[in-house]
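So the chains spell out like this:
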Amino acid sequence: MHGLVFDVAHLLAGSLVLISFIELYQDRLFALINIFAAHALVLALSVAWQAYVQEAPHLYITAAIALVFKAVVIPMALHRIIVRLGIHREIETVVGIGPAMLLGMGLVALSMVVMLRVTAEADPLAREDLAFSLSVVLLGLLLMVTRRNAVSQVIGFMSLENGLVLAATGAKGMPLVVEISVAFSVLIAFIVIGIFLFRIRERFDTVDVQALDRFRGERK
Amino acid sequence: MNLNALDAVLAIPLFAAAVLAALPGYQLTAKLNVLASLLTFLAAISLFVIEPRSGDYLLVDDLNKVFIVLTTFVAFTTSVFSASYIGHEIEIGRLKPAYVRFYHAMYQVLMFAMNLALLANNIGLMWVAIEIATLTTVLMVGIYRTHEALEAAWKYFILGSVGIALALFGTILVYMAAKPVIGEGLYAMVWTVLVVHAAKFDPALLNVAFVFLLLGYGTKVGLAPLHAWLPDAHAEGPTPISAVLSGLLLNVALYALLRFKILLALNPAAIAPGPLMVTMGLISCVFAAFMLYRRRDIKRMFAYSSIEHMGIIVFAFGMGGPLANFAGLLHMTMHSLTKSAIFFAVGHIAQVKGTQKIADITGLTVSTPLLGWGLVLGVVAIAGLPPLGIFMSEFLVVSSTFARQPWLATILALGILIALGGLFLRLNTIAFGEPRGSTAPTHASYVPLFAHLAIVFVAGIYLPPTLVSGFQNVARLLG
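These protein sequence lines are chains A and B, in that order. If you use the working numbering, the first sequence corresponds to residues 1 to 220, in order. If you use the working numbering, the second sequence corresponds to residues 1 to 479, in order.
Hint data in this document are derived by calculation from the structure and do not stem from the laboratory. Hints may be right or wrong, so weigh each one.
[To be verified] Chain A regions said to be covered by chain B (calculated; three or more residues, Cβ under 8 Å):
1. 144–154
2. 157–168
[Claimed, not checked] Just the calculated beta-carbon pair ranges, DEER-fashion:
3. A:I97 to B:R294: 35 to 41 Å
4. B:E91 to A:L18: 20 to 26 Å
5. B:P225 to A:G14: 47 to 53 Å
6. A:V114 to B:F402: 34 to 40 Å
Ideal Cβ placement from N, Cα and C applies to all residues, glycine included.
The whole structure should be built from the sequences, with the hints applied where relevant.
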């Protein structure tokens, strides 16, 4: 039984890292959003598995929020925004796909080296989970810095949060933080979509962050 | 349930936020905002008289009492300044009345979040509170809805969230380190329990956790390689928010960092957090000092000055030891008071001149003597000239370092001197000479400005013995 518990958790967390890589090389917004939905779906499965394994029913709430909110509601809302703004063209990336993938691999290697070494005494399940979640966090960061479009930066941030949720649920018996951090990811998504995108649209007729750069305080 | 001062410090701003969100009309809400801030300040002072018992979620000790009183005091004076500042903004139509309701509610939510972060006895709760504070300030920075304000808010949001995310990862790692010793569940995140068992934690995990926490909360402190959000957020938001950001929110993030520094210091096998903090502090100080020279926007200039001073403070706490910690605490207090006073003056000056461009602001001591001289005094104080409070604390930082690490002290002193040059170069044209351009009338509130300056002036000459012994207690606590 223990073998199965470990293998399924391993499979789900590993898939999350893999999907983060797939997000890295998407060059269309719609595709990126769909992949993010898959990311959130795998997260929901992973959290549900942890809830089952740890016999912690409150984690099912976290899983449900990830499933309903991150995998369905947010992607649908982003789809609508993109259609309404008419920006479903190619994403401008700062770094090419090749270098971005190489950087991503370097980051994953880094997180494995760091986390596996320092957690030598922790139980293997939590250990692998932590290493994978750090990879997802770093890949989310990479996605944010390699994109100029505000929508894809938000997606990068949400995948980063998925990594944090994975870490928090993997740390057995961690109080408070799971529920609250999920509530916060909801809040952040609301703020980002509701206020920033619409305000940016109102003012610039574009959500390309590069257009914002022109207005930086001192470069007038 | 009997309500004690501890609950009041949190409940008053929260209740006020709900009321202010519901009430229309600027006149009334501005007064209520001041009243709520005053009540919170009084509740915070009463913590010194009757110390409530700490629970699993909230904690009062010598360290956070200093922070909480400073926070609520500056929050109160800023609310007084904010009332006259926002009044003018509505008059000239820069801020729509509908947004003012939102602004006041957010101001109180921010106060609640900062107080919660300072009082939290749970590292998870502390993280949540700092996240709320970040989100509310993002919304307030973007409140003018101009191009610049939106860009600043977006940049702040992205960098702030990344910092916050790294800090959460660090927090999870601390829990992982504590779990084998304390056991699963709530107590592995309770500060007072963590401190008792810290020596037995796995040092490798703690080391990695501290790196994440330093980068995460360090972003919010505005330390050098991670500071990019800070000047924009200060320059484009409403000036009361610049004052609160510089004077308070940076301190709150620093407080979080100090808590974890104590934790690491208790574990003999973990890395010493000091050298990391010393390095980042020095880089911030020297880098920001050079950046002061080419600024064209007056609020951006003082934002860089904040980075410089946070660098000095982090440096002092990184050096550690009773004297350097004492100096760091004193410097933090003096910087909060002086920098918010400067922003009070700058806010009204920008309103009078209708611009934040340094080139367009000249001869203030002639055109608006009170504001002009207020700014001159503030800059003299912040540059660290005697006999004001910052001179005292900077002198203590530098002299205590000279005895231990002369080279580091030399670099630090150089940074302080470079910053002094940069500030006075600009001050010369801003404050003196022939006034140019139009001067609009304004109903400035001078009381908060000169009250802060008076405290800083007195502190430079005479520190009350109770304050000194209180700070010494905290300095010992910080190790």
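- Check, residue by residue, whether the segment 144–154 of chain A contains three or more positions whose beta-carbon lies closer than 8 Å to a beta-carbon of chain B, and give the verdict. Holds: 3 residues of the segment 144–154 of chain A have a Cβ under 8 Å from chain B.
- Query: Is it true that the C-beta distance of I97 of chain A to R294 of chain B lies inside 35 to 41 Å, as the hint says?
  - Reply: holds (37 Å)
- Do E91 of chain B and L18 of chain A keep their Cβ atoms within the hinted range of 20 to 26 Å? At roughly 58 Å between Cβ atoms, L18 of chain A and E91 of chain B fall outside 20 to 26 Å, so the hint is violated.
- Would you check chain B against the segment 157–168 of chain A, counting CB to CB pairs closer than 8 Å, and say if three or more residues qualify? The restraint on the segment 157–168 of chain A holds, since 6 of its residues have a Cβ under 8 Å from chain B and three suffice.
- Message: I want to verify a distance hint. Is the separation of the beta carbons of P225 of chain B and G14 of chain A within 47 to 53 Å?
- Response: violated (32 Å)
- Query: Would you say the C-beta atoms of V114 of chain A and F402 of chain B sit inside 34 to 40 Å of each other?
  - Reply: holds (37 Å)
Violated hints, in rising order: 4, 5; the structure is consistent with all others.
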